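Keeping their order, the protein sequence lines are chains A and B.
Under UniProt numbering, the first residue of the first sequence is numbered 1, with each subsequent residue one higher.
Under UniProt numbering, the first residue of the second sequence is numbered 1, with each subsequent residue one higher.
One should not assume that every hint holds.
Under the rule of at most 25 Å between Cα atoms (straight-line distance), these lysine to any residue pairs were calculated in the SDA-like manner [claimed, not checked]:
1. B/Lys118 with A/Pro209
2. B/Lys120 with A/Leu456
3. A/Lys235 with B/Cys230
4. B/Lys82 with B/Ile236
5. A/Lys352 with A/Asn365
6. B/Lys142 with A/Phe163
7. B/Lys145 with A/Lys160
8. B/Lys147 with B/Phe61
9. B/Lys120 with A/His265
10. B/Lys147 with A/Ile443
11. B/Lys74 with A/Ser232
12. B/Lys142 with A/Thr143
13. A/Lys226 with B/Ile29
14. B/Lys118 with B/Pro65
15. A/Lys467 with A/Ile443
16. A/Lys237 with B/Arg285
17. B/Lys142 with A/Pro209
18. A/Lys226 with B/Glu128
19. A/Lys186 with A/Glu83
20. A/Lys186 with A/Thr143
21. B/Lys64 with A/His272
22. A/Lys246 with B/Lys82
23. A/Lys241 with B/Lys142
24. B/Lys118 with A/Thr143
25. A/Lys226 with B/Lys82
26. B/Lys142 with A/Pro245
27. A/Lys241 with B/Ile236
28. A/Lys186 with A/Thr207
29. A/Lys310 with A/Ile109
30. B/Lys120 with A/Lys186
31. A/Lys235 with B/Ile236
32. A/Lys260 with B/Asn107
33. B/Lys74 with A/Leu187
Now the in silico label distances, taken between C-beta atoms and shown as ranges [as the list claims (entries may be wrong)]:
34. B/Gly119 with A/Lys237: 28 to 36 Å
35. B/Leu66 with A/Asn203: 45 to 53 Å
36. B/Ala117 with A/Lys79: 42 to 50 Å
37. B/Lys277 with A/Thr218: 31 to 39 Å
38. A/Arg189 with B/Gln235: 52 to 60 Å
39. B/Lys118 with A/Pro245: 47 to 55 Å
40. B/Gln235 with A/Arg298: 53 to 61 Å
None of these hints come from the bench; they were simulated from the model.
Computed from a predicted structure; not experimentally measured.
Backbone N, C-alpha and C fix where the C-beta goes; we use that ideal spot for every residue, glycine too.
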Amino acid sequence: MRTPFYFSRNNAASPLAAVGTFNLAEISTYDLASISCFLVDGKSASEAIDNIGAIRQHDNPLIYLKPIVLIGNMNTLIKTVEENVDHSASVEQFSPEYLDNLSASFETINQWIDAIPDVATVSDSSSRFKTLRLMASRDLKITPYYTVEHHNGFNYPKLKPLFAKKDNSIERTLEFLEQQQLITAKLKRRAHFCPHCDCAFLNFKETCPDCQSDNIETDELIHHFKCGHTDSAAKFKHFNKMQCPKCDNDLKHIGVDYDKPSTFHECNECSHTFQDPRVLADCYNCHRTMEPDNLDLRDINEYEVSALGKNAAIFGLDALFTSILSTDLNLYAQDEFKNFLAVERSRIKRYKLSQSSIALIHLGNLESLFETLGKKAEQVFKELSVVFKSVFRESDVISARNESVFCVLMTETSETNANLAISRLSASVDDLFKTNSNIDLLISSAIYNVVEFDSLEDQLDLFLAEKSSL
Amino acid sequence: MEGLLEFVSNLTPAQMLAYFWPFFLLDMIRYVFLEIILISSYFFKKYLNKAKIRKARHTLFRSKPLVSVIVPGKNEGKHLAKLVSALENQTYQNFELIVVDDGSDDNTPYICRQLQAKGKIDVFIRNEIRGGKASAANTALKFSKGKYIVHVDADSHLASDSIETILLPFFINSEIGAVGGDVRVANAEDSFASRLQSIEYLKTITSGRTAATEMHILRIISGAHGAFRCDVLQQIEGWDVGPGLDGDITLKIRKLNYRVVHEPKAICYTNVPVSFKKLAKQRYRWDKSMVRFRMRKHIDILKPNANFRLSTFFSVAENILFNLFFDIKWIVYFIFMLLTSTENLGYILIINYFLYFLANCIQYFVAMAIVGEEQQRRDGLLALFLPLMPFYTGVYLRIIRTYSYLMELLHKTSFDDAWNPWKVSKIAKRENL
Ligand SMILES: [Zn+2]
Ligand SMILES: [Zn+2]
Ligand SMILES: [Zn+2]
Chain A
1 MRTPFYFSRN NAASPLAAVG TFNLAEISTY DLASISCFLV DGKSASEAID
51 NIGAIRQHDN PLIYLKPIVL IGNMNTLIKT VEENVDHSAS VEQFSPEYLD
101 NLSASFETIN QWIDAIPDVA TVSDSSSRFK TLRLMASRDL KITPYYTVEH
151 HNGFNYPKLK PLFAKKDNSI ERTLEFLEQQ QLITAKLKRR AHFCPHCDCA
201 FLNFKETCPD CQSDNIETDE LIHHFKCGHT DSAAKFKHFN KMQCPKCDND
251 LKHIGVDYDK PSTFHECNEC SHTFQDPRVL ADCYNCHRTM EPDNLDLRDI
301 NEYEVSALGK NAAIFGLDAL FTSILSTDLN LYAQDEFKNF LAVERSRIKR
351 YKLSQSSIAL IHLGNLESLF ETLGKKAEQV FKELSVVFKS VFRESDVISA
401 RNESVFCVLM TETSETNANL AISRLSASVD DLFKTNSNID LLISSAIYNV
451 VEFDSLEDQL DLFLAEKSSL
Chain B
1 MEGLLEFVSN LTPAQMLAYF WPFFLLDMIR YVFLEIILIS SYFFKKYLNK
51 AKIRKARHTL FRSKPLVSVI VPGKNEGKHL AKLVSALENQ TYQNFELIVV
101 DDGSDDNTPY ICRQLQAKGK IDVFIRNEIR GGKASAANTA LKFSKGKYIV
151 HVDADSHLAS DSIETILLPF FINSEIGAVG GDVRVANAED SFASRLQSIE
201 YLKTITSGRT AATEMHILRI ISGAHGAFRC DVLQQIEGWD VGPGLDGDIT
251 LKIRKLNYRV VHEPKAICYT NVPVSFKKLA KQRYRWDKSM VRFRMRKHID
301 ILKPNANFRL STFFSVAENI LFNLFFDIKW IVYFIFMLLT STENLGYILI
351 INYFLYFLAN CIQYFVAMAI VGEEQQRRDG LLALFLPLMP FYTGVYLRII
401 RTYSYLMELL HKTSFDDAWN PWKVSKIAKR ENL
């Protein structure tokens with residue numbers, strides 16, 4: 001049974017008698033898996049923000065993914081701080097039952113955390129990956145929160161504590177994750193931003209196209225049908241009625257004896273007359289004035305973790321490569337692969353006319369590659385799959401055990417030729433990385449004759465064991 | 001042929017007059033003798049005023065008054081780039097260009113806004129609701145800041161000294177309220193019809209209006225190119241509704257005792273209809289409005305203290321007679337000849353043709369004297385078409401004119417002028433304008 005802990009960075013005593021204090025300085029003394037959530041004191045907003053930040057910016061998934069409950073007097077809790085955490089409650093509410101219920105309600109999240117491979121030893125330093133994990137652990141749909149407190153006019157409060165700096169890194173991170181198809185975006189609002197400082201607080205104004213003054217007046221033209229007189233509406237005003245200054249007739253019905261052919265503007269500064277005022281935008285932050293066309297028009301989205309993202313959140317970002325490969329190459333499931341293998345083996349055994357080979361390939365360092373390449377990863381992976389495509393033939397059957405282990409059935413190919421193909425693959429991959437970055441992709445491989453290849457699982461285990469012993 | 005010679009040699013002067021009275025008594029006197037005298041007077045005055053003209057030019061360029069070039073119109077966007085470059089080449093540059101788009105349904109607003117953004121158009125007003133020619137011109141007038149207003153049709157091409165030249169008369173004589181520019185045919189080479197019109201324009205506008213100016217009876221300033229003093233336009237409160245727009249405003253200015261003159265050296269070129277069918281349509285429209293503004297609206301010019309019904313009736317009758325006389329005289333003459341000298345009818349027609357051909361030649365050479373060397377070179381070969389002119393003016397145009405006069409008198413068809421939106425026409429018709 002997991003229990004809540006009162007979170008403190010300086011060993012302050014818990015205000016709740018039944019709840020123990022978690023002192024971040026002595027992290028090794030706690031069984032992190034047994035903590036159901038952290039209670040953060042909301043008395044002081046800045047203190048609370050610091051504490052929430054200390055939790056979310058930690059790199060241990062058992063810390064930063066933990067549910068956070070803000071406690072305090074309900075009337076004094078700051079809304080913006082409340083938005084940052086999973087739950088909030090007032091101190092008086094806390095009874096033993098309430099604590100149990102709280103722990104129970106967070107069980108799904110904690111179980112999700114438990115499912116992370118090697119959760120006790122990993123540390124996540126990439127804020128992108130942390131963002132993905134935080135969203136996936138709660139199946140969180142993050143929606144923009146519109147506010148004047150942030151100069152771009154909105155933020156994503158649940159993600160905010162993950163980032164130490166108050167810049168646009170949340171947006172950039174979400175953009176990146178979306179590009180990798182790990183999260184999906186849904187447009188909520190399209191907004192203009194200052195291209196210089198990203199500020200959303202802009203004043204749009206109509207100005208004189210000649211001198212850019214916004215001291216302009218608007219007037220209407222009136223056309224009197226009977227005498228053809230056309231002038232500004234003010235000239236037709238005559239006490240309480242409308243009268244034509246040229247022919248002195250009364251104007252009674254619009255469309256019958258007069259109409260308003262157009263409106264126009266006149267500049268009070270330079271007396272220029274025009275119909276299309278020039279629209280300009282003033283930035284409240286950097287005080288620049290700009291053409292609307294030069295403003296940044298961006299989508300403000302709501303995000304959800306995709307199926308691909310859920311998988312990647314548990315197993316790591318390198319799973320991405322598999323997804324790219326499976327769309328570019330025709331990747332078969334392991335079971336299908338086994339069927340192909342069985343058929344091919346009996347065919348070769350029966351006719352004894354030709355040879356077929358099996359290649360097992362391991363890509364060593366996909367994850368670090370992904371982290372290094374960042375935004376470019378997708379493009380590099382795409383090129384990598386092109387290399388795969390060029391080396392193997394249509395008749396070859398490819399399957400992936402996981403994101404970095406591949407099995408290829410190379411039909412009508414001798415072991416010698418298969419070796420040639422694999423070395424061609426290594427050479428091309430080397431070329432690719434030489435031109436793209438200064439890191440390498442480590443490839444190890446083994447070639448077998450189909451006839452001598454018994455069980456796929458056994459051979460794979462053997463191959464991976466041999467590889468790691470090297 | 002021999003018969004013809006014999007017929008001619010046997011004619012006594014009295015017989016000559018009896019057979020060809022319309023030519024000798026009317027056309028020769030009016031269009032040949034009088035015109036020669038008036039044009040001579042024009043040249044003589046011009047010679048005398050040489051110093052005055054030089055001084056006027058000096059004053060113009062020293063005082064440099066702002067001129068508002070106004071271009072009202074519908075669907076004229078395609079012509080504007082050319083017009084703008086013609087304006088850029090003007091010798092007189094202190095002008096503002098005001099374009100009023102009267103409810104175009106093509107890409108005119110787009111073209112105008114582009115030109116405005118480039119600073120080529122100073123004021124552009126787009127009227128979403130079409131108001132007609134008068135309203136568009138009045139809109140332009142409202143936004144004009146110039147001391148002089150030059151009204152230009154978007155599709156006419158101005159000669160490079162055209163604005164300078166059209167302004168000079170204002171500086172020679174302060175009684176002048178409006179100056180008409182000379183309109184010449186730009187596309188004379190296009191067709192048979194346009195060549196004949198080119199000769200016609202030289203006769204009726206270049207020399208005809210110059211002569212009218214000398215007699216102080218100029219009645220029309222073409223919309224294609226006319227200059228007005230802004231204060232005078234304001235006094236008459238701009239253009240009135242109706243088809244006879246160009247003549248209409250001229251008469252209103254004359255009523256205020258300002259002089260209206262034609263300046264044959266302020267040249268603009270215009271494209272004329274290239275087929276006889278299109279030409280017929282154009283002239284039908286023009287002729288109808290001619291009748292209308294002379295006989296209906298400005299009846300007070302001819303009969304200043306027009307009284308109630310009876311006098312109105314008489315003046316209308318008198319005007320119909322006066323105006324139609326020149327146009328119906330040829331019918332009367334033809335019928336008369338048919339009845340009195342049937343056996344010589346062929347000869348009479350041939351001799352008539354020959355007389356009118358001669359008159360056309362003289363008029364053509366008079367016009368050529370006015371236009372100057374450059375135009376003479378350009379239009380010199382037009383002389384080859386002179387033999388056709390008696391048929392063109394005497395038969396073709398006359399039939400159209402008679403027909404349209406009759407139509408206008410019988411029905412007030414010109415209120416349905418395609419140029420005016422129906423709402424405006426409806427009001428004009430009801431108010432009997
Ligand atoms: Zn009126
Ligand atoms: Zn201005
Ligand atoms: Zn800014």
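Each hint tested on the structure:
no., hint, verdict
1, B/Lys118 with A/Pro209, "11 Å, holds"
2, B/Lys120 with A/Leu456, "80 Å, violated"
3, A/Lys235 with B/Cys230, "19 Å, holds"
4, B/Lys82 with B/Ile236, "32 Å, violated"
5, A/Lys352 with A/Asn365, "39 Å, violated"
6, B/Lys142 with A/Phe163, "62 Å, violated"
7, B/Lys145 with A/Lys160, "60 Å, violated"
8, B/Lys147 with B/Phe61, "14 Å, holds"
9, B/Lys120 with A/His265, "19 Å, holds"
10, B/Lys147 with A/Ile443, "87 Å, violated"
11, B/Lys74 with A/Ser232, "21 Å, holds"
12, B/Lys142 with A/Thr143, "55 Å, violated"
13, A/Lys226 with B/Ile29, "42 Å, violated"
14, B/Lys118 with B/Pro65, "24 Å, holds"
15, A/Lys467 with A/Ile443, "10 Å, holds"
16, A/Lys237 with B/Arg285, "37 Å, violated"
17, B/Lys142 with A/Pro209, "20 Å, holds"
18, A/Lys226 with B/Glu128, "19 Å, holds"
19, A/Lys186 with A/Glu83, "21 Å, holds"
20, A/Lys186 with A/Thr143, "10 Å, holds"
21, B/Lys64 with A/His272, "20 Å, holds"
22, A/Lys246 with B/Lys82, "35 Å, violated"
23, A/Lys241 with B/Lys142, "22 Å, holds"
24, B/Lys118 with A/Thr143, "45 Å, violated"
25, A/Lys226 with B/Lys82, "34 Å, violated"
26, B/Lys142 with A/Pro245, "13 Å, holds"
27, A/Lys241 with B/Ile236, "24 Å, holds"
28, A/Lys186 with A/Thr207, "36 Å, violated"
29, A/Lys310 with A/Ile109, "13 Å, holds"
30, B/Lys120 with A/Lys186, "46 Å, violated"
31, A/Lys235 with B/Ile236, "17 Å, holds"
32, A/Lys260 with B/Asn107, "22 Å, holds"
33, B/Lys74 with A/Leu187, "44 Å, violated"
34, B/Gly119 with A/Lys237: 28 to 36 Å, "34 Å, holds"
35, B/Leu66 with A/Asn203: 45 to 53 Å, "36 Å, violated"
36, B/Ala117 with A/Lys79: 42 to 50 Å, "48 Å, holds"
37, B/Lys277 with A/Thr218: 31 to 39 Å, "48 Å, violated"
38, A/Arg189 with B/Gln235: 52 to 60 Å, "59 Å, holds"
39, B/Lys118 with A/Pro245: 47 to 55 Å, "35 Å, violated"
40, B/Gln235 with A/Arg298: 53 to 61 Å, "59 Å, holds"
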